[in-house]
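> In case you want the letters, here they are:
There are 2 protein chains.
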Amino acid sequence: MSDPADDIMRATYDALCRHGYADLTMRHIAEAADCSKASLHYHYESKQGLMLAFLDYLFERFTERVGGVDGEGGVAGERADGSADAAADPDARLREFVDDVLHPPAEGDTAREFRTALLEIKAQSPYDDAFGERIAAFDDHIYGTVHDLVVAGIDAGVYREGTDPDEVARFVLALVDGAQARHVVAGEDVDALQTALETYLDALVQPTVEPTPEVSQ
Amino acid sequence: MSDPADDIMRATYDALCRHGYADLTMRHIAEAADCSKASLHYHYESKQGLMLAFLDYLFERFTERVGGVDGEGGVAGERADGSADAAADPDARLREFVDDVLHPPAEGDTAREFRTALLEIKAQSPYDDAFGERIAAFDDHIYGTVHDLVVAGIDAGVYREGTDPDEVARFVLALVDGAQARHVVAGEDVDALQTALETYLDALVQPTVEPTPEVSQ
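These protein sequences, in sequence, are chains G and E.
Positions 1 to 217 (full-length UniProt numbering) are the ones given, in order, by the first sequence.
Positions 1 to 217 (full-length UniProt numbering) are the ones given, in order, by the second sequence.
Worth flagging that the hints you see were computed from the coordinates, not collected in a lab.
One or more of the hints may lead you astray.
Stated by the list, open to error - Short derived list, chain E residues pointing at chain G, Cβ under 7 Å:
hint, residue
1, 9
2, 116
3, 120
4, 123
5, 126
6, 151
7, 178
8, 182
9, 185
10, 195
Claimed, not checked - Some chain E residues near chain G, calculated using beta-carbon distances under 10 Å:
hint, residue
11, 10
12, 14
13, 18
14, 22
15, 26
16, 68
17, 111
18, 119
19, 139
20, 204
Just so we're clear, the structure is a prediction, and the values are computed from it rather than from any experiment.
Ideal Cβ placement from N, Cα and C applies to all residues, glycine included.
Kindly generate the complete structure, drawing on both the sequences and the hints.
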C-alpha cells in the first residue's frame, strides 16, 4: 500500500517540474496526485504549508543519500554503501561527500526543471522566514560535514596546518549553489567543476615528505 | 540635464530592490521614476521590454567596470584605472578581474535586495529566451575573459602545462553564481570565497624552478 503523504510529495515534485514554483497551484498538485483539491486540503492547509512539508521531505532524502560525519569521525546515518571511513581517511570521505552532493541521482529528463523550481524557491527565501529556515537546513548539513572533515583531516596530518575549515566549507557551499545555478541558467553539468574542485582540495593536502629512515632498518 | 532613459533605469533599480521581481509592476517603476504610467509606456511597451533594456544597461555598466582582455592580450575597454597589463602579467590580471566581478561597487543597504531580484530573474531565464540571452551575455564575457587570460598565462609559462582554460572559466562562473546565491540565501559576503579562490589559482601556477646558472656569471 502506498502512503498518501508520500504520493502527495511525488505529485508535488512532478507538478513543480511541469509548472515551476511561481505558477504552481494546489489544483496542479491535486491533478498530479490524482486526488481532489478537497482531499489535498485535508492534508495541507495551504500551498505554503505543503511546500514546507515538501522541503522537509527533500531534506530527509538528501541527508540519507549523502550521509554526514558523526562526532567520532565516523560516517553518520544508516548508509551501508561502502562510504569511506571518515576517521580513517577524512580526505577521501570529503571528496566522496562533495561528489554525492554535486550529483543528485538521475531524475530523468526533469532534473533541470526541478532545479529551476528550487532556484525560484531559494530566491523567495529572503521574503519568507519559514522557507529560509528549510533552505538553511541543507546548507547547515553541508557546512557542518565539510567543516568537521577538514578538522579531522588537519588532525590526521593530511591537510596542511593553517587550513581554515570555515573557508573550505563556505567555498564548497558556494560551488554547490553555483553548480545549481549553472545548470538552470546554462544547462551545464558539473563535471568540469568536479575536476577543478579536486585541484583545490589537492592544494590543501600536505606535500609528501620523505620519511625519516628508521633506526631499526 | 538628466537623460530620461537613465532616470528610468535608476528607478527600475530602486523599484526592484523594494518590490522584488515577481511583484514588480510598471506602476511601481513609474512611482520610483516620479513620472506617469503613460509616459513610462511611451518609452517601454511592457514590463518585459523594460526589463530587457534594464539588463542591457546593467551589462554595459558591468563590462565598463570589470574590463576584459583584447585579442592582443591587453586590457580591453576604456579603463584608465591602472589595471594590470594582461600581456605582461596574465595571472595578476586574472586575479584582479575575478576580484572585480565578485565585488560589485557598494550599493548601500540595497545590495542584497538587488541580488535577490537578479536571482529571481535568473530563475526565469529557462522560461524566457530573451532573458536567457541577456543573462548569457554576462556569462560569456566572464567565460571569455577568464579563458583568454588562462591561455595567455600558459603561453607565458606562468600556469602549468595541461591547465584547462575551459575548466578554470567554468569554475569561476560557478563561483560567481554561487557567491550571488550565498549572499541572497544566507547574507554572506564573498571574502572567504576570495581567499579560497586564490588557493585554487595558486595551484595552477608553475612551481618555481631554480634558475640554471648562466655561463657568463
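> Look at each hint and say if it fits the structure.
Now for the hints, and whether the structure bears them out:
Proximity of residue 9(E) to chain G is violated relative to the hint, the smallest CB-CB distance being about 22 Å (cut-off 7 Å). Hint status for residue 116(E): holds, given a least beta-carbon distance of 5 Å to chain G, under 7 Å. Because the beta carbon of residue 120(E) sits about 4 Å from the nearest beta carbon in chain G, less than 7 Å, this interface hint is met. Taken as an interface hint, residue 123(E) checks out: its beta carbon lies about 4 Å from the nearest beta carbon of chain G, inside 7 Å.
Annotation: interface hint on residue 126(E) holds; nearest CB of chain G at approximately 5 Å, less than 7 Å. Proximity of residue 151(E) to chain G is violated relative to the hint, the smallest CB-CB distance being about 16 Å (cut-off 7 Å). Annotation: interface hint on residue 178(E) holds; nearest CB of chain G at approximately 3 Å, less than 7 Å. With a least beta-carbon distance of about 5 Å to chain G, the hint placing residue 182(E) at the interface is held under the 7 Å criterion.
Proximity of residue 185(E) to chain G holds as hinted, the smallest CB-CB distance being about 6 Å (cut-off 7 Å). The beta carbon of residue 195(E) is positioned within 7 Å of a beta carbon in chain G (closest approach about 6 Å), and the interface hint is therefore held. Annotation: interface hint on residue 10(E) violated; nearest CB of chain G at approximately 22 Å, more than 10 Å. A hinted interface residue such as residue 14(E) counts as satisfied when its beta carbon comes closer than 10 Å to some beta carbon of chain G; here the least separation is about 17 Å, so the hint is violated.
Restraint check, residue 18(E) versus chain G: the minimum CB separation of about 12 Å is more than 10 Å; hint violated. Interface restraint check: residue 22(E) against chain G, minimum CB-CB distance 6 Å, threshold 10 Å, status holds. The criterion of a C-beta within 10 Å of any C-beta in chain G is not met by residue 26(E), whose closest approach is roughly 19 Å, and the hint is violated. Nearest Cβ of chain G to the Cβ of residue 68(E): about 19 Å, over the 10 Å cut. The hint is violated.
Interface hint status for residue 111(E): violated, as the beta-carbon distance to the closest one in chain G is roughly 12 Å, over 10 Å. This hint holds: residue 119(E) has a C-beta 4 Å from the nearest C-beta of chain G, less than the 10 Å allowed. A cut of 10 Å between beta carbons decides the hint on residue 139(E): the least distance to chain G is about 6 Å, and the hint holds. The restraint placing residue 204(E) at the interface with chain G holds, with a minimum CB-CB distance near 7 Å, inside the 10 Å limit.
The earlier numbered hints that this structure contradicts are 1, 6, 11, 12, 13, 15, 16 and 17.
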